[in-house]
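S.K.: Sequence:
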Amino acid sequence: MARQPRYLWLADQLRGPILNGEMPPGTRLPSRTRLARSYRVSEQISRTALRLLVTEGLVESRPGSGYFVRAVPEVFRICRTDSSSGSGLGRLSREEIGTEQEQCSPPLSSRLRLREGDPVYRTTSRGLSSRTPITLHLSWEPAVLTAGTLRAPFDGAHDAGLLERLSAVGHPVDRVVEEVRVRALRDSEASLLGSAPGIPVLVVERTHYSGSRPVETSDLIGSVEQCRLLYKLTLARPRRPGDPRRY
Numbered sequence: 004m005a006r007q008p009r010y011l012w013l014a015d016q017l018r019g020p021i022l023n024g025e026m027p028p029g030t031r032l033p034s035r036t037r038l039a040r041s042y043r044v045s046e047q048i049s050r051t052a053l054r055l056l057v058t059e060g061l062v063e064s065r066p067g068s069g070y071f072v073r074a075v076p077e078v079f080r081i082c083r084t085d086s087s088s089g090s091g092l093g094r095l096s097r098e099e100i101g102t103e104q105e106q107c108s109p110p111l112s113s114r115l116r117l118r119e120g121d122p123v124y125r126t127t128s129r130g131l132s133s134r135t136p137i138t139l140h141l142s143w144e145p146a147v148l149t150a151g152t153l154r155a156p157f158d159g160a161h162d163a164g165l166l167e168r169l170s171a172v173g174h175p176v177d178r179v180v181e182e183v184r185v186r187a188l189r190d191s192e193a194s195l196l197g198s199a200p201g202i203p204v205l206v207v208e209r210t211h212y213s214g215s216r217p218v219e220t221s222d223l224i225g226s227v228e229q230c231r232l233l234y235k236l237t238l239a240r241p242r243r244p245g246d247p248r249r250y
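Under the numbering used here, read the sequence shown as residues 4 to 250, first letter to last.
Source of the hints: derived by calculation from the structure; they are not laboratory data. C-beta: ideal position from N, C-alpha, C; glycine also. Heads up, some of the hints might be wrong.
[To be verified] FRET-style restraints, in silico, Cβ to Cβ:
hint : residue 1 : residue 2 : range
1    : Gly24     : Arg189    : 34 to 42 angstroms
2    : Glu208    : Asn23     : 22 to 30 angstroms
3    : Ser215    : Arg189    : 27 to 35 angstroms
4    : Ser96     : Arg116    : 29 to 37 angstroms
5    : Ala150    : Arg80     : 20 to 28 angstroms
6    : Glu46     : Glu25     : 40 to 48 angstroms
7    : Ala150    : Ser96     : 51 to 59 angstroms
8    : Ser133    : Gly67     : 39 to 47 angstroms
9    : Ser34     : Glu182    : 42 to 50 angstroms
10   : Gly24     : Glu98     : 32 to 40 angstroms
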């Protein structure tokens with residue numbers, strides 16, 4: 004069996020006490036030099052081991068201060084099978100930021116099957132926990148669907164919800180498609196979430212259809228550390244002998 008690299012061995016020596024609580028959140032780890040002396044390794048190995056623990060999210064580096072054990076972030080489970088087909092924020096409170104009209108641009112034009120430059124309504128909101136932003140929700144819908152009616156997203160009927168608004172103007176939603184991916188947080192999103200640009204985030208792309216036509220699409224964005232997506236699937240029960248047939 005190949006010998007384990009020394010930096011992995013050293014990371015194991017530090018990871019154990021962190022995970023079992025011997026080194027609680029906020030504990031300052033020994034410096035690279037002290038680790039190298041204590042474990043008889045080079046400073047390059049101790050530096051690499053510490054960076055690995057930072058990558059794993061167990062340790063954070065504070066410039067000028069050293070390395071510290073990170074607090075375990077609170078996790079929020081976001082249900083994606085809510086009955087109203089809304090954003091599914093769970094126990095997060097919703098904060099509406101506003102709705103604006105803008106021109107459709109790629110890749111949004113592909114998602115909504117619109118031409119570049121077509122007007123769309125963009126609605127921005129956040130999911131909060133004790134006033135702290137956890138998720139960001141951006142949704143877009145073709146302006147042509149509700150323009151000139153009282154069912155546009157910025158009208159009073161907005162309180163009725165997406166499905167009711169679109170159904171009232173002749174576009175009942177009968178299908179929802181979601182795609183989940185991970186990407187880096189963008190600058191414009193980071194300012195709304197109070198986070199640093201570039202951190203990995205979960206993005207749930209949800210599109211509502213009326214027949215074959217996409218009538219709204221949205222991005223639900225949240226930190227991969229704090230957000231979990233909860234899906235509940237109902238399966239058809241197998242027919243048992245003696246059960247009545249359904250036609």
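S.K.: Each hint: holds or not?
M.R.: Cross-check of the supplied hints:
The hinted window of 34 to 42 angstroms between Gly24 and Arg189 holds, with their beta carbons roughly 37 angstroms apart. A hinted range of 22 to 30 angstroms is violated for the C-beta pair Glu208 and Asn23, which are about 39 angstroms apart. Remark: the range hint 27 to 35 angstroms for Ser215 to Arg189 is upheld by a beta-carbon distance near 31 angstroms. Between Ser96 and Arg116 the Cβ separation comes to about 33 angstroms, which falls inside the hinted range of 29 to 37 angstroms.
A C-beta distance of roughly 37 angstroms is found between Ala150 and Arg80, which places it outside the suggested range of 20 to 28 angstroms. Judged by the Cβ atoms, the range 40 to 48 angstroms given for Glu46 and Glu25 is violated: they are separated by roughly 24 angstroms. Between Ala150 and Ser96 the beta carbon distance is about 30 angstroms. The supplied range of 51 to 59 angstroms is therefore violated. The hinted window of 39 to 47 angstroms between Ser133 and Gly67 is violated, with their beta carbons roughly 30 angstroms apart.
At roughly 45 angstroms, the beta carbons of Ser34 and Glu182 sit within the given window of 42 to 50 angstroms. As the Cβ distance of Gly24 to Glu98 is approximately 35 angstroms, the hint placing it in 32 to 40 angstroms holds.
The structure does not agree with the numbered hints 2, 5, 6, 7 and 8 stated previously, though it agrees with the rest.
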